[in-house]
Structures are given as C-alpha cells and as structure tokens.
Amino acid sequence: MPASSSNLSQESRTLIRGTIRQARRAISAGQQTQYASDAAELAISALSKHNVRRIALYLTNDGELDTKPLIEALWQQDIEVYLPRLHPFSAGNLVFLRYTANTKLVQNSLKIWEPKLDITQMLLTHELDVVITPLVAFDKQGNRMGMGGGYYDRTLANWQQSGKPYPIGFSHDCQQVDTLPCEHWDVPLPMIITPNTVFKFTD
Numbered sequence: 030m031p032a033s034s035s036n037l038s039q040e041s042r043t044l045i046r047g048t049i050r051q052a053r054r055a056i057s058a059g060q061q062t063q064y065a066s067d068a069a070e071l072a073i074s075a076l077s078k079h080n081v082r083r084i085a086l087y088l089t090n091d092g093e094l095d096t097k098p099l100i101e102a103l104w105q106q107d108i109e110v111y112l113p114r115l116h117p118f119s120a121g122n123l124v125f126l127r128y129t130a131n132t133k134l135v136q137n138s139l140k141i142w143e144p145k146l147d148i149t150q151m152l153l154t155h156e157l158d159v160v161i162t163p164l165v166a167f168d169k170q171g172n173r174m175g176m177g178g179g180y181y182d183r184t185l186a187n188w189q190q191s192g193k194p195y196p197i198g199f200s201h202d203c204q205q206v207d208t209l210p211c212e213h214w215d216v217p218l219p220m221i222i223t224p225n226t227v228f229k230f231t232d
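My numbering puts the sequence shown at residues 30 to 232.
Keep in mind that the hints are not guaranteed to be accurate.
[What the hints assert, rightly or not] Calculated cross-link-like contacts (lysine-lysine; reagent style BS3-like; alpha-carbon spacing at most 27 Å):
# : residue 1 : residue 2
1 : K193      : K169
2 : K193      : K145
3 : K78       : K97
4 : K140      : K97
5 : K78       : K169
6 : K229      : K97
7 : K193      : K229
8 : K133      : K97
9 : K97       : K193
These are calculated hints, taken from the structure and not from any lab test.
Since this is a predicted model, take the numbers as computed values, not measurements.
All chains should be modelled from the sequences, with the hints used to inform the complete structure.
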C-alpha cells in the first residue's frame, strides 16, 4: 500500500532533522566560538535598524549557534532580554521571562534550561519587539523547521496581523537546505541570521 503524502512528509522531516543536527554537532568548539561572535555582530547591526527594546532569545542546546555573545551585546546596549519557558498551565505553549545575569535557571522536562517561574518577570508575547527563534533547518524561502513541538509556530501564529513580535531565525550556515516540507501551521520567517549572512525574505 503506498505511503500517504503526510507520512512521506514526516519521514522527510525526520531525515532532515537527523542530518542537520549531526552536522551542527560536528562543528568544533573553536569554530562555534567564532561563528557565534560573527553572528552576534551581524544581529546587532540588523537590530540597530529597528527600535528594539525588548527581545526574546533562547539558551543554546544540541549544537545550536551559541546565543551568549548576542545576549551579552544586548545587555551592554540596555536592551531587555527575555527567555522562553514552558507554560505552566497550557501544554505546548511558551511564556517569556526577563533574563539577567542574576536570573535563576532550572532544567525543564525537555532538558532545556529556562528561567525559574516568577510572574513579576513575565512579559506578554505581544509586548516583545523581536523573538529570535532556534531552528533545526531553514530553506531558501524562509521556511523554518523546529524540533517538532510547535512551540514557536504557536507563539508566532498571529505576528503578521499585529506586526509583533518580529521573528528572526538564528542558525549555522550548514542548517540551510534547498526546500523544506511544510505544513499549514508552519510559520515562515522574514529574516534569518547566520554567521555569514543576513537573509531577508520580506521587505
């Protein structure tokens, strides 16, 4: 019996995820440091063209492009930095909490570090100017593939209607592919920053 298109799409996604994750894990520590520095410089330059006061990022995991140099550069410019945390009451969703050098972190069920829950440090998603998203792969049209949980697709589902928060991908160059299999819920990105290039997919 022939496989359905949805099954083929899922198989393709699984193959791409495995291949790209392996490629970024193979990047040496020295290269990771240089790439993170280069990407942070490009990101700061791109963000300087917008009035960004509140920005959400993520803490690096599984060979992702390191966000620490970018976070430190944002702090130096007095830009408020926020980190995602799994929503305590709504499964599959994120909340964002202020991140400073003194923020206490805990490991969540996905083994990812996130801020300890403190509602006084929480910001509503639409109050953020920019969300810099992790990704596993992206293509030449700006389509993004995450880990499959859909957290960022749900977070960004309405950004085009309100204009906020503006989503930017942050990725190694080796994570680019020609074309990704997409579903209707996938949210394409208007901009993706790598160590070498700022890709703009919309004006």
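Please name the hints from earlier in the document that this structure breaks, with their numbers sorted from lowest to highest. Hints that this structure does not satisfy do not exist here, as all of them hold.
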